[in-house]
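*Asks:* What follows is each chain in one-letter form.
2 protein chains.
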Amino acid sequence: MMKIIVDAFGGDNAPLAPVQGSVEAHKEYGVDIILTGDEAVIKKTAAENNLSLDGIEIVHAPDVFTNDDQPSTIRSKAKANTSMAVGFQLLKDGKGDAFISAGNSGALGAGAMFLIKRIKGIQRVAFAPVMPNMNSYFMLIDSGVNTDVRPKALQQFAMMGSIYMNKVMGFENPRVGLANVGAEEHKGDTLRQESYALLKETPSINFVGNVEGRDIPLDGADVVVCDGFTGNMILKTYEGVAIALMKKIKGVFTKNIKTKLAAAAVMKEFKEMKNSMDSDEIGGAPVLGCTKPVFKAHGSAKAKTIKNAIRVTMDYVNNNVIASITEALREIDDTQNEGE
Amino acid sequence: MMKIIVDAFGGDNAPLAPVQGSVEAHKEYGVDIILTGDEAVIKKTAAENNLSLDGIEIVHAPDVFTNDDQPSTIRSKAKANTSMAVGFQLLKDGKGDAFISAGNSGALGAGAMFLIKRIKGIQRVAFAPVMPNMNSYFMLIDSGVNTDVRPKALQQFAMMGSIYMNKVMGFENPRVGLANVGAEEHKGDTLRQESYALLKETPSINFVGNVEGRDIPLDGADVVVCDGFTGNMILKTYEGVAIALMKKIKGVFTKNIKTKLAAAAVMKEFKEMKNSMDSDEIGGAPVLGCTKPVFKAHGSAKAKTIKNAIRVTMDYVNNNVIASITEALREIDDTQNEGE
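Chains as they are written, first to last, in my numbering: chain L, 18 to 357; chain H, 18 to 357.
This is chain L alone, in the form it adopts within the complex:
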């Protein structure tokens, strides 16, 4: 029986959102859950919201790792009793199959890297959010962990992202694009030029060349590969522009009685559109490259987001993504050794 560990004190809406999302996932998917966090508070939250904790185990962790804490301290003794560190420890000890948290992103990356460890041969672990675009979804890898990387790391991001988008998200032969400032092979800085050359030669990925910022939302690639600095700028600009535009549109619709009536008439269609672009449906971002499944839910995760994160993570476990990454890594190394 699969068992997912969920940090009950990660994110803006903790502990209610993680507790409620876990309860709903258990009911809907029949998955076992371990919640980490202050036991009394979790029980009180469940009781107050009429949530049954049947089939849900609680592992007590009195402290919380906040967004103000230095990410690297997730390994420290002082933080060992935080709900996040306890979750990592349970995963490491084999008490569960995967770990989900909506807490401090940097700490989740550091924990995946240093407490769970990288897959042998993987240079960097990566945050890899699956985001909405014009037609469906795409993965942005890396989007925040690694500010200084080498082409080899981008090659591994491409490979890991392809496997995840194929096995978990169901994309046939996902198109890999290198985020860059122009379409031609010679564009960009040294990192981009060297990465382009390497990606072109990588077996088992479907490299479609450079993808410009403008083409990312317009479905230019299924896996967009970049360093973490660039990825974070893209990710947040993406979110910011969508928020700003939706605010502007809301302003239009609430301007007068005529526009308010118009708004009412398109309400249902706008809701459908918003849902199709709703990151809560995807639940967040896998942390790829470590030896066990770690998943970052949005900081603003609601119960639904956590429930969806649990469903996605079950697919992450069931489809042996990590075994496939390990195997693909061997293939890449074999090919490159042959070439040497």
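Treat the hints with care, since some could be wrong.
Repeated chains share a single entry, so a pair holds when one copy, or any two copies, can fit it.
Said to hold, decoys possible - Once the Cα atoms are required to be at most 20 Å apart in a straight line, the calculated SDA-like pairs of lysine to any residue come out as:
| hint | residue 1 | residue 2 |
| --- | --- | --- |
| 1 | Lys137 | Lys321 |
| 2 | Lys264 | Asp236 |
| 3 | Lys288 | Val269 |
| 4 | Lys265 | Lys288 |
To be clear, the hints were calculated from the coordinates, so they are not data collected in a lab. These figures come from a predicted structure and were not determined experimentally.
The hints should help you fit chain H onto chain L, whose structure is shown.
*Replies:* This is chain H only, laid out in the frame that chain L set:
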């Protein structure tokens, strides 16, 4: 009398858009114009569209610098008869006060750098588009020319952007933000950390700290400073998300008769909203750091865009932006020498 040189063969809608925009600008602002490009074609285009070329001088240039040409070749003998190279030569020779083109961006940057030359002490010239945000406008500097820069260049971008936004766009004490992956001073790579320290100590700019991607469209700063690679990714992601969202919304409005009626009811307000975000109103991007005003109009510039670019460029000339940059540069150097 001010005289603006306009490349009649730059951009997707050339030569009609540059010719018509120039004719309208001459009529509306009384400014003299030199058009560069194939004289016969310009005259034919004007005649066919009932545009009077009174007050508009044509300097014949039989060739066109295309988007497929290597930017650096703008300096070459082979390209000396392109409408862009001829425009640069006229500017260099003092035959006009400023040069505007909607053509190859890279070539315009290279021409500004090598044919017009940098202001003494300026490390890099920068493309600095003025873009719409939630409330008004902001400048993104650099957004494409320089992929590898040092903190000193970012400091100069901050200073040049502040002067332009103040003198040409009328911003009182413009807020300067460093594009970065988090708000805190220690965030980002080495370039960001060192640039933060330098910007904090820079006289006569209003540095407000780091600005994340998410805050850029939400009016987090009036001048957003970054290297050209990052700026290009931000710029194009920004445009792409807006385009994708507007397409989605159009899809909603054209779904059925009910939504079409709703669309009709909010048409006027949507148009106003679109205008408030319309980059055609701003006309494009100054190239900052060279000794004479060079201005890049959007590749997709329409006649209105060119007309607006001419108006903005007149302000660029009239307000002595380049003299102010030269002076501010001296101030920075004085302060830093004192500190040494």
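*Asks:* Now tell me if each hint is right for this structure.
*Replies:* Hint by hint, here is what the structure shows:
1. In this assembly of identical chains, the alpha carbons of Lys137 and Lys321 never lie at most 20 Å apart, being 35 Å within a copy and 58 Å across copies at closest.
2. Proximity of Lys264 and Asp236 under a CA criterion of 20 Å is satisfied inter-copy only: 13 Å between copies versus 24 Å inside one chain copy.
3. With identical chains, the CA atoms of Lys288 and Val269 are at most 20 Å apart both within one copy (16 Å) and between copies (10 Å).
4. Taking the closest pair of Cα atoms, Lys265 and Lys288 come within 20 Å of each other both inside a single copy (16 Å) and across two copies (12 Å).
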